[in-house]
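Q: In order, the protein sequences belong to chains A and B. Using this note's numbering, read the first sequence as starting at 26 and increasing by one per residue. Using this note's numbering, read the second sequence as starting at 47 and increasing by one per residue.
If you are wondering where the hints come from, they were derived from the structure by calculation, not from laboratory data. As the structure is a prediction and not an experimental result, all values here were calculated from the model. Certain hints may be false.
Claimed, not checked - Simulated restraints, written as ranges between beta carbons of each label pair:
1) A:38 with B:233: 18 to 26 angstroms
2) A:41 with B:71: 38 to 46 angstroms
3) A:38 with B:822: 53 to 61 angstroms
4) A:62 with B:714: 56 to 64 angstroms
5) B:477 with A:40: 38 to 46 angstroms
6) A:62 with B:796: 53 to 61 angstroms
7) A:62 with B:489: 51 to 59 angstroms
8) B:273 with A:38: 28 to 36 angstroms
9) B:310 with A:46: 33 to 41 angstroms
10) B:71 with A:38: 32 to 40 angstroms
11) B:842 with A:27: 31 to 39 angstroms
12) A:38 with B:120: 42 to 50 angstroms
To be verified - A short list of chain B residues far from chain A (calculated; beta carbon distances all over 12 angstroms):
13) 115
14) 163
15) 207
16) 213
17) 219
18) 222
19) 261
20) 778
Cβ coordinates follow ideal geometry from the N, Cα and C atoms, glycine included.
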Amino acid sequence: MSVIYIALPIALLLAVGAVAAFIWSVNDGQLDDLQTPAVRMLRDDQSVLTGEEPAPRNRH
Amino acid sequence: MEDSPRSCTHCGLPVPAALQRSEQEPAFCCHGCETAWHILRDDDELRDSLRSRLQVQNLDSLYAPMDHEAFQERYVEFVANDLRRIHLVVEGIYCSSCVFAIEKLPRFLPGVVDSRVNLTNSSVVIEWNQRQVSLSAIAMTLHQLGYAPHPADDDRFEDSDRHENRKRLIHLAVAGACAGNAMLIALALYSGVFSGMSEEHLRLFRWTSALVATISLAWPGSVFYRSAWRAIRTGTPHMDLPVAVGLTAGIGLGLANTLLGRGEIYFDSITVLVFLLLTGRYIQYTQQRRAVRQVSLLNALTPHVARRLAGDGVIETIPLDAIQVGDRLEVRSGDLIPVDGCIHAGESSIDCSILTGESIGVPVRSGDPVSAGTLNLSSPIVVVAERVAQNTRLAEITRLVEAGIQSKTPIVQFANAIGGYFVVTVLCLSVITFAWWAPVSLELAINHAMALLIVACPCALGLATPFTIAIAQARAARKQILIKSGDVFEHLQRTGSVWLDKTGTITEGRMKVLDWAGDDTIIPAVVAIEKQVVHPIATAITQHFEKELTESLPLAERIQTIPGVGIAGEVDGRPIAVGAATMIAAGNTSAAGELVERIRTYHQNGWTAVVVLVEGTLKAVCAVGDRIRPDAAESVTALRKAGWQVGLLSGDHQNVVSSVARRVEISTTTAFGQVTPEQKLAVVQKSTTAGTVVMVGDGVNDSAALAAASVGIAVHGGAAASLQAADVYINRPGLDGILMLIDGARKSMRTIRCNFVVSLSYNVIAAGLAMAGLINPLIAAILMPVSSLSALTIAFLNPAFRGVGK
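Work out the full structure, taking the sequences as your base and the hints as a guide.
A: Printed below as a string of structure tokens:
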């Protein structure tokens, strides 16, 4: 059962990692608008004029 | 996109044999492509129809000032070289098609590099190359698509709002992670109780969950401590006070027992408690945020323009910000006057309803003062700016609104009022428990007393109010009633007085023809003449009769407006004059005694009488007025039956107000006419002493009163300032929204109280068990979620704002 001394910290570290990732995504603005991305699927195609991929998203 | 029969018309992928069609028809690889293609094609049609519809408007002059330096300096962001970026708030974004259409902007407008929509706050960020395309062209294209753009003005509000939202989300995430982990560890501990666990593992688990609980309390849980501290310092009871007491007892007992290696720990319960309470608050916060946002969207200012007369007589279009004192500005008929000033040249009549509420044009001539925000009705004038921006009368009213907000007494929410008693009761009970058990064993006494403090923590109580309010707000919003704060419900459960502004609430807010008597053959001539001017009365007359007219209008010549009186002209060589009753004095009235009699009746009814003179003889009379809504009398009666005192507050003439009051059965002693914004504020402030005051209005002149009232309700089509000042915005015509709101508020408060009883009974059971020394962490861990669940269920069963929406 002494494996618990390794498993428990690892489990906690995973949780910390998940929380850190979430905080990063919040501060990155990914959760500011929860409605638009869902309806944007039609948009991400090539531009006819420039032939380029659309410009990256503006983040605040 | 290739168009060979073998590849999909929409995406270009090969079309499976089963879906092949004849060469003329478009073929698709799948149903998704077919649907999307049809949507797009329909979109084009929609766009074309919008285009043709909007072509009538003169968009050039509307958006030209966007290219002005002063505007660009204020709103446009520099990206690189010629690249510029602007944040626009856009009207009319609803769904994915809107996102699609706007984000396709770079395709049909070369020079636009990127356009990103944010549906949540209806805004667009556009990047463009200023060498290739001008901002005004972008704005015009957006407008033609059906999305009128406005510069996003309140960037600072945006920032703090975004910051607040992010902070709450992070708190929620941390609290959730802590609660989840504490529960997992608790699960291990509980199974350890039944199946046995070695001492060292027990200690490890207890220490780990102590760590998790400490993080949860120190980071997201600090919100409760801060709020509780504020409650103590200001002496106002608050629900967070008992929560903080419970949390402190829990963490204290838990840590002490962890340290000593014996007794119970409650870490799972308190971490879940923090998480649940924060969840409830976040849900309420998002509802409130949505309501505030939707209202502030309506506030977005149209690009204000002024036409400045330069020294050499050239007219240039400039944004409002660029106006300086002493500038001479041309104001065309139908335009808003941008500044306080006096008339330099020209004669006209002005609609001052924004300041006075009076919807009748006021005649003005050279030398007369005019105010910003008023509407120039009949003919172009030149105004010399005397006070601009923050010094105008309009800005003065805005400051009055701020004063009104400050004078408003905040209400202590029902839940928070209970909070104070709750703390006292729980503390007393724990002292009794301690005293009871102390003779048995001091250690046992401490444990039982602390356990009581923990299980009596009002978790469900803390959830009941935010959930009920959030759900009621969401349902009300679906019925076009936007509620900005939960306090509205608390205020509306008590009766008091309702003050209604006449225009737009009891009446329809628009001039209409109510009666016509006399020679019907002259109607075409009257319409032909009235068509020549922009004036509410003229518009009412032309709109009313144009529907009935079958033949084409005769030609009206030699049109002459007589400011403040009427208009005269010639139709088929016959001189015809249309205007106020004062015109008759000059004409021959002896032949039309009956018509003169009618004019008197009109005046008694509070209507405006319009007379038609043909060759100087009175031929017809017509009554124009603001029609009372069909449901007004009924709604007023319903309000009175519900125990409210109903009064009228209007800037209109006392006669008009009294006549309206009589017809909707409001006592004329509470119907005040000719009141200024300051007087409205005073009336509202005076009645606050006698219960809840509800102010219903739609104009700038109401906004100070709206802000000061216990509940300010702005109605359908209100002015921006009134929307900002009000607590509720009802976006549906008529008074039934107000009735629905009051009814909904009552029901919601009843639900909250019912929720309190149920939640309290859980607390009583738990406290009883704790006093008897029967409680253990397992029972606490089961009781808590069950009580929260019942709080949530009751909140959902709230009957307020139910039924089929509009």
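Q: Could you run down the list of hints and mark each one as holding or not?
A: Evaluation of the provided hints:
1. A:38 with B:233: 18 to 26 angstroms: holds (19 angstroms)
2. A:41 with B:71: 38 to 46 angstroms: Check failed, 58 angstroms falls outside 38 to 46 angstroms.
3. A:38 with B:822: 53 to 61 angstroms: violated (31 angstroms)
4. A:62 with B:714: 56 to 64 angstroms: With a Cβ separation near 58 angstroms, residue 62 of chain A and residue 714 of chain B satisfy 56 to 64 angstroms, so the hint holds.
5. B:477 with A:40: 38 to 46 angstroms: Hint holds: Cβ distance 39 angstroms, inside 38 to 46 angstroms.
6. A:62 with B:796: 53 to 61 angstroms: 40 angstroms Cβ-Cβ, so the 53 to 61 angstroms window is violated.
7. A:62 with B:489: 51 to 59 angstroms: For residue 489 of chain B against residue 62 of chain A, whose Cβ atoms are near 57 angstroms apart, the range 51 to 59 angstroms holds.
8. B:273 with A:38: 28 to 36 angstroms: holds (32 angstroms)
9. B:310 with A:46: 33 to 41 angstroms: Since residue 310 of chain B and residue 46 of chain A have Cβ atoms about 34 angstroms apart, the given range 33 to 41 angstroms holds.
10. B:71 with A:38: 32 to 40 angstroms: violated (60 angstroms)
11. B:842 with A:27: 31 to 39 angstroms: At 48 angstroms between Cβs, range violated.
12. A:38 with B:120: 42 to 50 angstroms: With Cβ atoms ~49 angstroms apart, the hint holds.
13. 115: With a cut-off of 12 angstroms, residue 115 of chain B remains clear of chain A, as the shortest Cβ separation is near 24 angstroms.
14. 163: Answer for residue 163 of chain B: violated, closest chain A Cβ roughly 6 angstroms.
15. 207: violated (10 angstroms)
16. 213: violated (9 angstroms)
17. 219: violated (5 angstroms)
18. 222: violated (9 angstroms)
19. 261: The claim breaks: residue 261 of chain B does not keep its Cβ more than 12 angstroms from every Cβ of chain A (closest is about 10 angstroms).
20. 778: holds (24 angstroms)
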